[in-house]
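**Student:** Spelled out from the first residue to the last, the chains are:
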Amino acid sequence: MTIGAPAAQPAGDERRHLLPSAQVAHFVARGFLRLDGVVPHPLCAEALREIEADARPGAFAARRSERAKAEAGRPMDEVWATGGGLAAVMRLPAVRGMVQSLLGPGAIHDHHHAHVVEAGHRYSQPWHADAIIDPRTAFDIQLFFFFHDTPRAMGGTMILPGSHLRRVHESDIARYQNFLGQVATVCQAGTVLVCHHGLWHCGQPNSTGARRYMWKVRLNPAAAQRLTWNTADLTAPEVRELLTTPEPWHGNEGRLEIVNRLRLWRQLTGDDGFDADYWLTRLEMPRG
Amino acid sequence: MTRQQLLILYLANSDLGSPAQAWSFYDGTGARTAMAGDSEAPPYPSALAAMQDGWRVIQLPALRPPQPGNEHMTSYLRFEVVLEKMISLPGAP
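Respectively, the protein sequence lines represent chains L and G.
Take the first sequence: its position 212, counting from 1, is numbered 207 in my numbering, and each next residue is one higher.
With positions in the second sequence counted from 1, the corresponding number in my numbering is that position plus 73.
Since the hints were derived computationally from the structure, they do not count as laboratory data.
Every residue gets a Cβ at the ideal spot worked out from N, C-alpha and C, and that includes glycine.
Some clues are possibly wrong.
Unchecked claim - Not everything, but these chain L residues come out facing chain G in the computed CB check (under 10 angstroms):
(1) ALA169
(2) TYR171
(3) LYS211
Excised from the complex, chain L in its bound form (with noise of 0.2 angstroms):
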């Protein structure tokens, strides 16, 4: 077996955050993570403050700033170093933690928008996975936040667990409608979803009298995302079940869509003889 060095750890209260190994195998196999209650209420009522005044507009705000042009590409504790709300937000040691635990030290900030669904929506968004096709097996993550109660007659966002690993651009999957196994993100206010940046997902229509908002969030990792979280139960047999279970929709290609979750675990680790249910190994034998 070979263990590549872990990345930096970080101190105090953020390490007391990291993400164990059986998360971090739950976001590698079904794409994402939810985290209740991370976002205490009052900063919640700030930050939907903030969104509603359009304090911090971000890379599709009508409104963009010559600041919001500046932060892509720049390191996310720079972007949110200072300031209440949503900065705040970024920078509560919970949420810092989980970027750290999937991303390793130094992440990049991308871009953020404040989505918004007006009271009485009546469609739901096709399904779609952001950005463009990316063949890359290193990931980006994108963090959902729900900073209001959000019932399913609100929508929220739709998710597809077990999506992300698919080779798809942006909306070509459109003509898709459900999916065994969808999920819908029901929750109360101060709840991420911290997905990865292939998850399919759409945004469900709203039929309250309220506006929805959904605060995302992009980064990208500063370095080779390696041992990045607390990998103390790293051998733990709930990670090879994890990473072997597959989602209702698989079907037949439910076992390639497990190879494609070893591999990008065997990254992660550096674990090059990472396997579960013999899947690699049998490919992996010499040959006479």
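Given the structure of chain L, go ahead and fit chain G onto it with the hints provided.
**Tutor:** Chain G alone, transformed into the frame defined by chain L:
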């Protein structure tokens, strides 16, 4: 006067009797607007079950070998079966 309805079922494998795992519906009559995330269970358990209820298969997915070097790559849903029904509009001749 008739209009076409399309039901697209995405199956577990190339067997038309294998389980439907994803589905879409497009209604040429304009009576119903289907969209992403609007149902939790497929309208039929398989394409074969839909055929037994009067749906006509108009396209089967071709079975193509993977490109060398990309044998393990996953992308779009492979087993897409397109079915149609022709609907007579009320009052039309």
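**Student:** For every hint, state whether the structure bears it out.
**Tutor:** Results for each hint:
1. ALA169: 8 angstroms, holds
2. TYR171: With a closest approach of 6 angstroms, the TYR171 (chain L) hint holds.
3. LYS211: 18 angstroms, violated
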